[in-house]
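Go ahead and model the full structure; you've got the sequences and the hints to work with.
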Amino acid sequence: MSPADARGRITRHPIIIPPEGRRVEFTFNGHVMEGREGEVLSSALFANGIHIFGHHHKDGGAQGIYCANGQCSQCALIIDGVPLKSCIVPLKEGMELHSVEGLPELLETDPPDVNAPEIHETDVLIVGAGPAGMAAAVELGRTGLKVILVDDKDRLGGKLVLQTHKFFGSVADCHAGTRGIEIARLLSEQIAALASIDVWLEGIVLAVFSDRTVGIRLPEGYRIVKPKYLLVSAGAREKFLSFPGNDLPGVYGAGAFQTLVNRDLVRCAERIFVIGGGNVGLIAAYHALQADMTIIGIAEALPVCSGYLVHADKIKRFGVPIYTKHTVLTAHGGEHVEAVTIAQVDDSFRAIMGTEMTFRIDTLLVAVGLDPVNEFYLKAKEYGMNAVLAGDAEEIAEASAAMFSGRIRGLEIARALNASTQEVKDDWKEKAEILKSPGGKVHPYRVPERTEGVYPILHCNQEIPCNPCMTVCPKGLICTDGHPILGLPKFDGVCVGCEKCVSICPGLAVTLVDWRKSKDTPTVTVPFEFGEWILSVGQEVTVTNREGKPLGTAVLREIKKPPGTPRTLLLKLETPADIANRIVGVRIQDPAKLHAEAEAWSVCTPDDAIVCRCERVTAGEIRDHLRNGLRDLNELKALTRAGFGACGGKTCKALIVRICREEGIPEGEITPFTERPLFAETRLGYFSGRKQVE
Amino acid sequence: MKRSYDVIVIGAGSVGTPLSMSLAEHKISVLCIDSNSSAGQGNNKCAIGGIRATHSEPAKVSLCLHSIETFRTWKDCYGDDIGWFQGGYTYVAYDEGVASLLKGMIPKQQARGLNIRWLGPDELKGIVPGINPHGLLGGTYSPEDGSANPMESNYAICRRARRLGADFLFRERVTGLNITGNRIAGVRTDRGEFACGAVVNCAGSLAKEVGALAGVDLPVEPDCHEAGITEPVQRFFNPMVVDLRQSPASANYYFFQYDTGQIVFCLTPEPPILGYSTQETSSFLPLIASRMVDLYPRLANLKVRRTWRGNYPQTPDGSPILDNVGPENHYIAVGMCGQGFMLGPGVGDLLARMIAGRLTNDDAAIARALRLERPFSSKEALK
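Chains as they are written, first to last, in the working numbering: chain F, 35 to 728; chain X, 47 to 429.
If you're looking for bench data, these hints aren't it; they were derived computationally from the structure.
You can take every hint at face value.
Here are the simulated DSSO-like pairs of lysine-lysine, each with C-alpha atoms no more than 30 Å apart in a straight line:
id, chain 1, residue 1, chain 2, residue 2
1, F, Lys583, F, Lys595
2, F, Lys725, X, Lys171
3, F, Lys475, F, Lys459
4, F, Lys260, F, Lys725
5, F, Lys126, F, Lys725
6, X, Lys121, F, Lys92
Keep in mind that this is a model prediction, so the values were computed, not measured.
As structure tokens, this is what we get:
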């Protein structure tokens, strides 16, 4: 491992085994660098400490990673003479990369080596091989229908491959208690066993056409698919926020972060601030901690985190400050983000001046919700195709719900194509709804007063769709008097101390208290999903209550690796008797060291925020036009170029609608953008391919 | 907004907008009505932006020479950057048929004042560096033709028209004309009624339908064309390149580089696809990409960003119809055959002079050539 690797890569991880690969050399702006063959170029550069990929031709703004998902174009590099998105191009030995400085030059280079366009007919085309698409494919594949499952990534799984945490939901229906990365593997195996499913990886859907066809770019050439049914399970895209400095490299979405950290094992950050306390932001923070990065804080505009309480509590226990009723004012920095200023908000979400706090950071993650990627579906319906949605593309919810909706849609399509007579059972539909439910009722939190024997404590007091602890108990001692999946779990009976409930709980909210050896220093077992290398047996650790409040110290007596639940460790803590029942976790970072700067930095006007990243259009420009009476967003596009860029308005469209709302313009007065293909820029050479398939 | 105007223009597109401006310049009160939400949202925004006076019909040469002056001087006169770039046009020839067609037109075009000449293969390679040299016979070159951004231009023209006093009414559809005797007294819309002294049909693809409201049958039928735009790159060639060769499923196609770096391209399907559809098809990109990459191989690595489809309101001879027909105060500026953007300012100025009663002798000759009651026998060769 070279010194550069040690700095830029995650070489050990509690859950993921860092990928192996041949080391190959490439150059960036003439400098020789080393990367892992096959990894995407953007990650190879990150691993070498390169975070700035070029400068915008309009105003020289520094460009870096934004979506890490092939959707935007911020990561473009000149790759062997051709400007391409670096986040989807795999590294090969000897590649010559250059930053894009201003407008690139079109060199006379060899055309893409691709086949002539081909036309394919199929029963079902599934766009997106995430949880919903894979589940649907399995359902359809079982009926023998001809299925094409296309995904833009190089592997199946969608966002499942980034999910190192254990899933909520029900064990029987959606693999609750299993990690997303494992679920992706299980579904991949099922798909591989079904002969009628054709998997097209690195396939980018470019358009749905009015002749009821779908254009797909594969590495080997362009294909036009004529499906009898189109299932769009393309997932979601992250919403963004309009604030000054939001365009700086180092400011990006939680999804991009998870790709860099959990898929590519790139050490992309050291000091992170997260905007948004929903499940996505909370989980991203958790993943950062697992990768030995520091979470300086999380800001959430609402009075409580909108994510599941167990997620928020889990994060607090590790020592992460959560600033509720706070918003971001400015990201500071020249070529890269260096600090962030947040402030308290009033009940109308306006910042309260005088409450600003500035933190030194190197990465700002924006996790303010998701929007469905449903453009292909809308076009398909407009053109009269048989089309349906599943998963996040239909409705934003957990992956467990997406799998269920995929199964249902798959079966519905099979029935519509007369390939199955199986009914979609009512309880499937009911479960699909339950799994979508956001955090429900919060019950009073009480811990037992018990001081003898051995028993688990379920520090779980919000109704969420989750029941692995009930399923896993060999004695059936954990049950609920409420709804079988949503109801709060309760323990009653004589525990055998098997610790299974401790290791399976996705919220890390079950502990085992054991007074049998000592009444003075009982043993509390807590789950732990960080590197065992950050602790050593015999050391004192700070233990916290459910919400992260320190209770005192305990001595770590054993780090146990339980069988059956891969890579969740169990910490055996020797604890003072008076706090044993209240201990839920071990602090891993000290909030006292995460303080704000002594004085807040000066913030910029909200008008300076970039709304259209591709064309560098500010919120101020857009507001001016709206205040002058402009109501046709197509006119706005013509006048400002917002939405004309490489990504086709994927980020700015939602931000502009939001600005319209802030300006008090009724929705009915606004004429929306006209949607046009292509979904992703594609070289002309793909459409003119002449090579015949051998 | 007033309820009575000297002139009501139907359609705020490539022609109606500059016409409204020209009328306002003549101090004629004008209301321009369009059912879309803002100016140019019909087929103006589907135009790719080429502006040429290179036509075979002499009247069109004159009108477009006039338009070019408007576009060329716009920024200096009024300040708006409309993306004007004077890169010229080249019609390339790879076979003798095309070469002799093009060469045969040059004297007539020159006689109308067009700066155009024939370039041999070597000279042509100089203005389109990297063009496929195999079989290249040469081509015409008209260096004073150019291009501009249709949307930016139309909005700039609309803004100036408003400043001069023209009113624009959007999201309102003309549903009928109040005709008394042989005069139009007013225009009815889906929301109200306006009195007027004259009406001009600038309805583009809908010209025939609007003409029917005045009892005039117009031989205008739209057909569908697809176009696309690439990512921006540094400038590597200047002129619009037009290839007139026939190929399976397509007639000509053409492309140029915007002043902001993108390549814009468009194809003429053969046989024509009649109708009003603006929906994209899967056949367009494979068809045009093969032709473009064959003609200009370096384009293979240029990324297509967006495609779209618009309508060309065609007339039987490929030239527009400018006239004062039907009711005595009923005017038409229709059938631009996909060239509304480049014809717009010239047509607008001429129509305004026609309405103001100030036609020059040259104007009158053009109007005579483009009247409705013409034989439609001499076909425009550079459609």
